[in-house]
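**Q** 1 is the number of the first residue of the sequence shown in the numbering used here; add one for each residue after it.
Please note that a few of the clues may not be correct.
Unchecked claim - Using 27 Å as the maximum straight-line C-alpha spacing, the simulated DSS-like pairs for lysine-lysine come out as follows:
id, residue 1, residue 2
1, Lys94, Lys154
2, Lys154, Lys115
3, Lys24, Lys174
4, Lys87, Lys24
5, Lys86, Lys154
6, Lys94, Lys125
7, Lys167, Lys5
8, Lys154, Lys5
9, Lys125, Lys3
10, Lys5, Lys86
11, Lys94, Lys115
12, Lys3, Lys154
13, Lys167, Lys3
14, Lys174, Lys3
15, Lys167, Lys154
16, Lys94, Lys167
17, Lys87, Lys3
18, Lys24, Lys5
19, Lys125, Lys167
20, Lys3, Lys94
21, Lys167, Lys86
22, Lys115, Lys174
23, Lys24, Lys154
24, Lys174, Lys5
25, Lys174, Lys154
26, Lys86, Lys125
27, Lys87, Lys167
28, Lys3, Lys115
29, Lys125, Lys115
Claimed, not checked - Across the chosen pairs, the derived CB separations fall in these ranges:
id, residue 1, residue 2, range
30, Asn137, Lys94, 38 to 48 Å
31, Glu79, Leu155, 26 to 36 Å
32, Asn158, Gly22, 36 to 46 Å
33, Thr78, Gly51, 11 to 21 Å
34, Thr187, Arg25, 38 to 48 Å
No lab work stands behind these hints, which were simulated from the structure alone.
Backbone N, C-alpha and C define an ideal beta-carbon position, used for all residues, glycine too.
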Amino acid sequence: MEKIKLGISACLLGEHVRFDGGHKRDHYLTDTLGQFVEYVPVCPEVECGFGVPRESFRLVGNPENPRLVTSRTNQDHTERMAPWAKKRVGELEKEDLCGYIFKSGSPSSGMERVKVYDPNGVPSKVGVGLFARIFMNHFPLLPVEEEGRLHDPKLRENFIERIFALKRWRDGLKERQSLKALIAFHTRNKLLL
């Protein structure tokens, strides 16, 4: 079986793409899970054209439709990021991804509980990163997770089971398996479906 392809926030692989020029390498993802998967790294902020280092971003406004603004100068970059994100997500369709690992807390790549600031500057952890929201809306059935949550053994096991099940399903579709094979797949994976 060929390696499973996962999208991943590039900083988690040790790439120096963060606003401060740093990274957030996650050793479990690179050294352990990385033996079994092929990563497709994405850094929305760098790929969208923002340099390294750069002013940090934050989400502001309505948590359901926040704006992506710079933290110090309050420049709104939503109209730059959103069209790029839609285009990039379209490109990722060709990668045959079986899952995606997002960077927790990121205003572009956070999967959940991302700070969104109200007009008074008060944060609440109710948002989703701009790129992550577009990605998850485009691929609603794709297994997604954040690196921090993968340190919980039960959440990690569940994510790994889901990506392997999806890979087996896709491989079966390519092979045009028999009805008997389809029933066997469903029997093995019924608790995941």
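**Q** Does the Cβ-Cβ separation between Thr78 and Gly51 fall within 11 to 21 Å?
**A** The hint (11 to 21 Å, Cβ to Cβ) holds, given that Thr78 and Gly51 are roughly 18 Å apart.
**Q** Just to be careful, I want the Cα atoms of Lys167 and Lys5 compared with a cutoff of 27 Å; is the pair within it?
**A** Within the cut-off at roughly 9 Å; holds.
**Q** Can the restraint linking Lys24 and Lys5 be considered satisfied, given a maximum Cα separation of 27 Å?
**A** Satisfied, since the Cα-Cα distance of roughly 20 Å is no more than 27 Å.
**Q** For the pair supplied as a hint, Lys87 and Lys3, confirm whether the alpha-carbon distance does not exceed 27 Å.
**A** 25 Å, holds
**Q** Compare the distance between the alpha carbons of Lys87 and Lys24 with 27 Å, and conclude whether the hinted pair is satisfied.
**A** 25 Å, holds
**Q** Sort out whether Lys86 lies within 27 Å of Lys167, counting only the CA atoms.
**A** OK: Lys167 and Lys86 at ~24 Å, within 27 Å.
**Q** Honestly, do Asn158 and Gly22 meet the 36 to 46 Å range at C-beta?
**A** 30 Å, violated
**Q** Is Lys24 close enough to Lys174, meaning Cα to Cα at most 27 Å?
**A** 36 Å, violated
**Q** Look at the Cβ atoms of Thr187 and Arg25 and judge whether their distance stays inside 38 to 48 Å.
**A** Roughly 39 Å apart at Cβ, these two residues keep to the hinted range, so it holds.
**Q** Just to be careful, I want the Cα atoms of Lys87 and Lys167 compared with a cutoff of 27 Å; is the pair within it?
**A** 25 Å, holds
**Q** Assess, step by step, whether the Cα of Lys174 is no farther than 27 Å from the Cα of Lys3, and give holds or violated.
**A** Distance ~16 Å between Lys174 and Lys3 Cα, so the pair holds.
**Q** Keeping to a limit of 27 Å between CA atoms, is the pair of Lys86 and Lys154 held or broken?
**A** Status violated; Cα separation ~32 Å.
Against the hints set out earlier in the document, violations occur for numbers 1, 3, 5, 6, 9, 11, 19, 22, 25, 28, 30 and 32.
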